[in-house]
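Visitor: Here the structure of chain A is known, so what remains is to put chain B in place on it, guided by the hints.
Protein chains in written order, with my numbering: chain A, 1349 to 1518; chain B, 193 to 587.
There could be a bad hint or two in this list.
[What the hints assert, rightly or not] Chain A regions said to be covered by chain B (calculated; three or more residues, Cβ under 8 Å):
(1) 1362-1369
(2) 1394-1407
(3) 1415-1429
(4) 1466-1474
(5) 1499-1510
[What the hints assert, rightly or not] Here are the computed lysine-lysine pairs in the DSS-like style, where the Cα-Cα straight-line distance is at most 25 Å:
(6) Lys231(B) - Lys1515(A)
(7) Lys466(B) - Lys1515(A)
(8) Lys466(B) - Lys489(B)
(9) Lys1444(A) - Lys231(B)
(10) Lys1352(A) - Lys231(B)
(11) Lys489(B) - Lys1352(A)
Everything labelled a hint here was simulated from the structure, so no lab data went into it. Computed from a prediction, not measured in an experiment: that's the story for all the values here. The beta carbon of each residue, even a glycine, is placed where N, CA and C say it ideally should be.
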Amino acid sequence: MEPKPFINPYLAGVMLGVVLFTAFAVTHSGLGASGAVSRLQVAATSAVAQDYVDRVGYFAAIGGGDRSALDHSSVMMLLGTFAGGMVSSWRNRRLKVEVCHGPSISPRLRLPLALLGGIIMGYGARLARGCTSGNALSGGAVLSAGSWAFMFAVFAGAYMLAYFVRKLWN
Amino acid sequence: MLPLDIGPLGKALNYLVYFAIGLGFGVSLELAGFGNARKLAGQFYFKDMTVLKTMFTAILTACLLIFLTAALGYLDFSKIYVNQTYLWPGIVGGLVMGVGFVVGGYCPGTSIISAASLKLDGLMFFIGTTIGAGVFGGTVSSMQKFWNSSYTERLLLSDVFGWSLGGAVVAVTVLALVFFYGAEKAEEFARDTSKAPQWRPTNRRYMAAAGVAFGTAMVIWGLGQPTPEAKWARVGDQYQPLLDGRDVFIHPLEYVKTWNDATIKLVTLDLRSKEAFDAFHLDAARNVTFEGLADEKFAFELNQLPPQGVVILIADDEGEAVRAWKRLKVEGVTNLYILEHGLTEWKHTFEPAAHAAHHFDFAKPSAKVLEAFPKDAYTPKIKLKTARRAGGLCG
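Bound-form chain A, shown alone (with noise of 0.2 Å):
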């Protein structure tokens, strides 16, 4: 069977920022992936290597020592995100193994590029202290000053390359 269409944007829109004041009135702030990113990260790391998280500070600090980094609310966050996100392309019938491509690129070379587009992101999401719905997304809808430069960046970011990439995506 055909997926079904996606919502109207604005209304996806509406139920994302429910969603958001929601987060902010029971928790006090906002939605959030990169933090968990982290989490994730130094977990597999202390799998392999304990004493390399307990040598460096800024891993130490996650998950040093007897510490769990996945102890931690925002990996239940992303949890529910990554079960919300599967429920719902189940329902919708987007829930299939496959590989999104531009026509121009073949899948084997998709997943590659997708690895490297994800390292420096996710190296970028830490410089700038949280993603595009921790920084961007929720300190935008609390006006923080900070997060907006942050989110014109990203967009300036991507919109300086577009064009020496356009191949991938057209």
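Guide: Below, chain B without anything else, positioned relative to chain A:
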């Protein structure tokens, strides 16, 4: 009064709440189509402006809800976590992320959705973000100075432009509406005419929605944010028992003990007249007027104190001290106390100890002076309480 304090519910229920919020987050992103890299990347070629539309609608919706409930007195904005501003690390990190976005097709949150719907590129991207975060964590020590530069704890757009909060809400609303218009025009321009649009917008419906958003922003502006008196009327019941039970009035000996405690960051605010202050004041005290203390920026600074921060007020008249206490309390200042009887009893209290000691400075008694008094000379009142505002999930 929002935000709720769910801490007392216990860890398991707290985690459940976060999981439930995540569910809502995940479903919203998936329904918008954020699990599909081609759709997301369409943003950067003006073909599919969903990212901009959905993101700004979400920001606008949450922003209007937050400041409307705050203006009506249902939400205490001072207790809401605002992302700290690290201007330059944020901008450089944002530019780097933009590059990652257009190369990889996702951001961290959307790659989770993509992976959840079994898209292999989303999974690869997500694995990449953990690697990138690891590379950053392993190398941040070499750029610590830059990473911690251009920092302001709670800098709002309204502070930057010198507007009221309501004015900033109106400006953000107008900006979002202009963006929506631009996004529709851009899509119209770049649209592949062979394909019909997924959802044909009836102009009237959009105009009505824009009108509601703008109207709400104007109402927020018109209402203004609540005055301290209005805030006290709402939350006073919660704090009045502390005053009635004299739980926030500390004995001079407790002041000396606190002052000599190296683990506590003490701020002493002396509300007496300048003449009285010049004649005698405690060594650590700062002379402030009630007007100075009532300034928004003042409470803002006190709210930046570490969890071990304690603020103690000194005034000649208890009524004045209580007035200042209430004023700072409604602005969310924690660990706030009043020196009982101000300085009127101060010298009297330490008179016997001063006689016994070889050298005694009334302005800064050392911890030694406490030995001259029996252990039960006073009832300790100070209990350090951490403000439940810390956090921010990206930290």
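Visitor: With reference to the structure, classify each hint as holding or not holding.
Guide: Hint by hint, here is what the structure shows:
Requiring three or more residues with a Cβ within less than 8 Å of a Cβ of chain B, the coverage given for the stretch 1362-1369 of chain A holds, as 8 such residues are present. With 4 residues having a beta carbon nearer than 8 Å to a beta carbon of chain B, the stretch 1394-1407 of chain A meets the requirement of three or more and the stated coverage holds. For the stretch 1415-1429 of chain A, the stated coverage by chain B holds: 8 residues have a C-beta nearer than 8 Å to a C-beta of that chain, and at least 3 were required. With 9 residues bearing a CB less than 8 Å from a CB of chain B, the stretch 1466-1474 of chain A meets the requirement of three and the coverage assertion stands.
Here's how the stretch 1499-1510 of chain A fares: 12 of its residues keep a CB closer than 8 Å to some CB of chain B, so the rule of at least three is met and the hint holds. Among the hinted pairs, Lys231(B) with Lys1515(A) is consistent with the structure: their alpha-carbon atoms are about 15 Å apart, no more than 25 Å. Under the criterion of a C-alpha separation no larger than 25 Å, the hint pairing Lys466(B) with Lys1515(A) is inconsistent with the structure, at around 71 Å. Between the alpha carbons of Lys466(B) and Lys489(B) the distance comes to roughly 21 Å, so the proposed pair stays at or under 25 Å and holds.
Taking the CA atoms of Lys1444(A) and Lys231(B), the gap is near 16 Å; set against the 25 Å cutoff, the hint holds. Using a Cα cut-off of 25 Å, the hinted pair Lys1352(A) and Lys231(B) holds, with the two alpha carbons roughly 15 Å apart. Restraint check: the Cα-Cα separation between Lys489(B) and Lys1352(A) comes to about 51 Å, which exceeds 25 Å; the hinted pair is violated.
Hint compliance for this structure: hints 7 and 11 are not met, and every other hint is.
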